[in-house]
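Undergrad: Listed here are the chains, written in short residue letters.
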Amino acid sequence: MTQTTPEPGVDTGVGSRRSRVGAAGKVRGQLRHVADRPHGGCAHVAVHRSTRPHARITSVDVSEAAALDGVEAVVTGAALYKVLGDRMFTGPAFSDQPPLAVDRVRYVGEPVVAVLARDVATAREAAELVYVEYEDLEPIYDVADALAERAFVHDALRPSVVFGDLRHLSGKTETNIAYEYNLKLGDPESAATQGTSVGFEFWAPPVHHVAIELPATIGWVDADRLELYSTTQTPSYVRQSVADMLGLPLSHVRIRVAPLGGSFGAKMYDRLEPLIAALAWLYRREVRMVASREEAFLLTTRHGAGVISSMSADADGNLTSATADVRYDTGAYADVGPRITAKSGMIAAGPYKIPNVAIRSRCIYTNKPSAGPFRGFGVPQVTWSHETLIDELARARGEDPAAFRRRNLLREGDESYMGTVMHSADFVGCLDAVTEAIGWDTPLDRGSGRWRRGRGVAVGIKAVLTPTVANAVLQLNQDGSATLMISTVDMGQGSDTIMPQIVAEVLSMDAERIRVVAVDTDVTPYDTITAGSRSTYHTGNAVRGVAERMRERLLDLAAKRAGGSSKDLKLTADGVLNTASGEVYRVSELIHEHFGARGATMTEEFNYTTSWQPYDKETGRSAKATEHWFAGAVAVQLLVDRWTGRARVEHLAVAGDVGRAINPALVEQQLAGSAIMGLGHALFDELVFDQGQMLNGTLLDYQLPSVKDLPGKLTPIIIESPHASGPFGAKGVGETGIIPIAPAVANAVRDAVGVRITRLPLSPERVLQAMDEAGVEK
Amino acid sequence: MKPPLHQPTSVAEACELLDTLEETMVYGGGTAIQILIKQGVLFAGNLVDLSRVPGLAEIEETAEGLRVGPMTTLRRMETSEVVRRRVPLAAQTYGHVANPRVRNTASVGGNIAHGDYRLDPPTALLVLGARVELTSVRGTRAVPIRDFFVDFQVTAVEPGELITALHIPAAPAGNSSTFVKMSSLGENDWPAASVAAQVDVERRTLRLGLGALAHVPRYVEVPLDGRGVDAAVAAATAAVEPELDPIPDVRGSADYKRKLGLVATEDAVRRAWEEAR
Chain A
1 MTQTTPEPGV DTGVGSRRSR VGAAGKVRGQ LRHVADRPHG GCAHVAVHRS TRPHARITSV
61 DVSEAAALDG VEAVVTGAAL YKVLGDRMFT GPAFSDQPPL AVDRVRYVGE PVVAVLARDV
121 ATAREAAELV YVEYEDLEPI YDVADALAER AFVHDALRPS VVFGDLRHLS GKTETNIAYE
181 YNLKLGDPES AATQGTSVGF EFWAPPVHHV AIELPATIGW VDADRLELYS TTQTPSYVRQ
241 SVADMLGLPL SHVRIRVAPL GGSFGAKMYD RLEPLIAALA WLYRREVRMV ASREEAFLLT
301 TRHGAGVISS MSADADGNLT SATADVRYDT GAYADVGPRI TAKSGMIAAG PYKIPNVAIR
361 SRCIYTNKPS AGPFRGFGVP QVTWSHETLI DELARARGED PAAFRRRNLL REGDESYMGT
421 VMHSADFVGC LDAVTEAIGW DTPLDRGSGR WRRGRGVAVG IKAVLTPTVA NAVLQLNQDG
481 SATLMISTVD MGQGSDTIMP QIVAEVLSMD AERIRVVAVD TDVTPYDTIT AGSRSTYHTG
541 NAVRGVAERM RERLLDLAAK RAGGSSKDLK LTADGVLNTA SGEVYRVSEL IHEHFGARGA
601 TMTEEFNYTT SWQPYDKETG RSAKATEHWF AGAVAVQLLV DRWTGRARVE HLAVAGDVGR
661 AINPALVEQQ LAGSAIMGLG HALFDELVFD QGQMLNGTLL DYQLPSVKDL PGKLTPIIIE
721 SPHASGPFGA KGVGETGIIP IAPAVANAVR DAVGVRITRL PLSPERVLQA MDEAGVEK
Chain B
1 MKPPLHQPTS VAEACELLDT LEETMVYGGG TAIQILIKQG VLFAGNLVDL SRVPGLAEIE
61 ETAEGLRVGP MTTLRRMETS EVVRRRVPLA AQTYGHVANP RVRNTASVGG NIAHGDYRLD
121 PPTALLVLGA RVELTSVRGT RAVPIRDFFV DFQVTAVEPG ELITALHIPA APAGNSSTFV
181 KMSSLGENDW PAASVAAQVD VERRTLRLGL GALAHVPRYV EVPLDGRGVD AAVAAATAAV
241 EPELDPIPDV RGSADYKRKL GLVATEDAVR RAWEEAR
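Quick mapping for you: the protein sequence lines, in order, are chains A and B.
Going by our numbering, the residue at position 712 of the first sequence is 712; the numbering climbs one at a time, nothing skipped.
Going by our numbering, the residue at position 258 of the second sequence is 258; the numbering climbs one at a time, nothing skipped.
For the record, the hints were derived by calculation from the structure and aren't laboratory data.
Straight line, CA to CA, 30 Å or less: simulated DSS-like cross-link-like pairs of lysine-lysine:
#	chain 1	residue 1	chain 2	residue 2
1	A	Lys708	B	Lys38
2	A	Lys353	A	Lys184
3	A	Lys560	A	Lys570
4	A	Lys708	A	Lys778
5	B	Lys38	B	Lys2
6	A	Lys26	B	Lys38
Just chain A, with the same shape it has in the complex:
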């Protein structure tokens, strides 16, 4: 027994700016990603892709491909169907997507035939030697085509078993609408007849995630069990999806993940996994596929979305009504589009107090690559609408756009038009912080001649995915170090860094002594998904819960040692302190004595599950649509070159209410990173299609912000309005910053040169054209 005075070491608990775990390995290329797994002896997979947007497959000739030296097998969708039947159609909301097209192709680039070969080059060469004949069907290029209902992407809707509320759609024919959400409150039509109204038609184009690491999946069969090593944000989902497809018990499917080199929603649900799982299982062979950059563009996109909307205010400047008709182009397969349609649709009028609201939000099939989750989950597209409307409404009233927003923003305790009460969502605080940061109330030098200066602001709201499930298992090792088992995938957001901080805070430990186990469904417990900014709150709560249980256990052990009572015991950095006697029982000694073994481990587990109230069938409202809210704001000062139309951002301030920052440095990085990504979407980032053909799906042509496109000054601001049930008050921040960027930039362009643009991106050509059309003097 030693008596020590606790010495304050480097604090690595909640609130510390602990540096990112594994950063050096990433920078030096030493960190092993999925595709770095050695691949001697495995079969490499390449696919032959559809050249038609919508067609029936009339014949497939694989003879030349199969005859090529080095080719092991050539597999068609029809062959897979013979073995797997309808189970080969998978998807998180609808079971509509086959790993290889069966009978019919639905977008240019859809996999039709897979080749297994001894190396990638042979596989790709053989894939080119496959000949497919098609009978063209009427293509549905966009939402307008789809709503004309002359042709249908799917003969009948096939909701998956996952979501009970989609069951009524099963078997529905003659429609391209996968899902429709409606919200009704009051009487927006008659409310809009008084006061001031504005209305526009908006468009936000499809964009791509462009994570640096390419999607990769490796599969093999080990003793009648299927194992996948894959780049996925959703290992628990993939395990279930693959088990369903192959008819295996969950115990016989193992999914492992390495830290991802970025994802942003691209590596979720069913990407390469169903195909690789099916091939590995059928051929009892290790098979491997690493998507090329061009293939990654075809795997998933962000929904292009049109919004026809309006907003009205009375003479006192209070919002009276809002309407929105939202159309998400979900491409050939629904993916998670129906969830996006409802979650984003329900807040399509923004974070404002509005007594009369009508929203219709639809998820629409077209003959394009499937759209799925993307940082923001459909919300940036509706924010583009409501933050433009409210800005223009303020201008129509001759009022300062920030002051007009401030009056109408939802506050703590307010019930939103969609029925849920606001808590820990400080919109006003975010708005005030960003406007102050860019000097909103200071005089603006508007520039002269060629260059004109303007300022713009926008706020954003998003609900966290609810209901969801998180679990954590904590193993305290006899030497006082700890091993944390969670199924949260670190993809750069920093979960491997902050989860140990939560444990460290509860157990008065050094976070450096806590290791997060790489996700392995054999070992790490079920977790819904790593997405939607949900991990800090949900998994964070599971982690806090498990750490608290561990603390109780340690105190129990210490109480035994101290002779019964735990009344005077307190866990400190040095061990359990007996405040009565001044004795300290080291954790290593307590565990050693308890088990009588060095190296022993003590394990606890904790579950954290959230619940919701489904949307009312009539009104679309819900008293608890979400567990918590994300609140953010962005303010921008920029210059517009009136000769070229190019906007140059001088200062961008981005604020997010994170409840409590577990690691302020990582929060600032998330805010800044999402602001830069959002700036790309505002100014030039766009997937261009012509007759279903993606025109710019390569990094030669696809635009991303480079270091030269960064704002002159970028100010991330943390707002902390603690959540009553968040771990130490915390919530996530992965998406908060990206949501209001595009309208803030457009509002600043409007301020600078007087043109209102409602189609993204605000490319220089589009700005110049708008100035020409408006007759703006150059």
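Given the coordinates of chain A, work out where chain B should sit on it, guided by the hints.
TA: Okay, now just chain B, sitting in the frame of chain A:
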């Protein structure tokens, strides 16, 4: 499929290979060819790699200006002291190509042989009146750069020929020049309009090289009447306008690129003029 790579160790051997092999293509830094291979659109039966031929990456100072070996990297053109001193416009322009990784690999010869209409260096080389030295088993000839870019991705290099040097005359004292590059989307993207400009006070001439504004890089010479910069800008844009024939694509319409071309011309002329004063 990657075509076979041949690695000669002398210019003579390289010329022999180019003369005897079928469907040859010279491999310099590889930055363009590697992309074509990846896209599966490289139509060449044999690659003749110059990396083992000694002496092709040298920059020599000559009485006239510079003699630059074809395997000199773009990065060296940007950073070399002698290039900066003798032909600052060339150094500036080479420094705008792509990014440092590409500039450290791409070669001076490969760059112009690629013949892409959007490349930056041709704009400066046109203004400076460079000459391209071409060698084959038949001998050596020189082609003025202003005659070099024949058609869309077609140059004056004939089958069997190899670029063995680029002669760049130094601009006479008292001249000033600049390079302006404008993109229509991301800043680091291919240019939608680029202009190299040189104000020759002595000869009362304005020389302009245009990139990305037609299917080939274009050269425009404008007489200066000494009435000041505004008159020079007016004369330059009037002379440039009929030469603009941009290709519409995801980076913008022909109309928008034409507008950008005129803005880039004005910017380049004003900046060069400013330097001349």
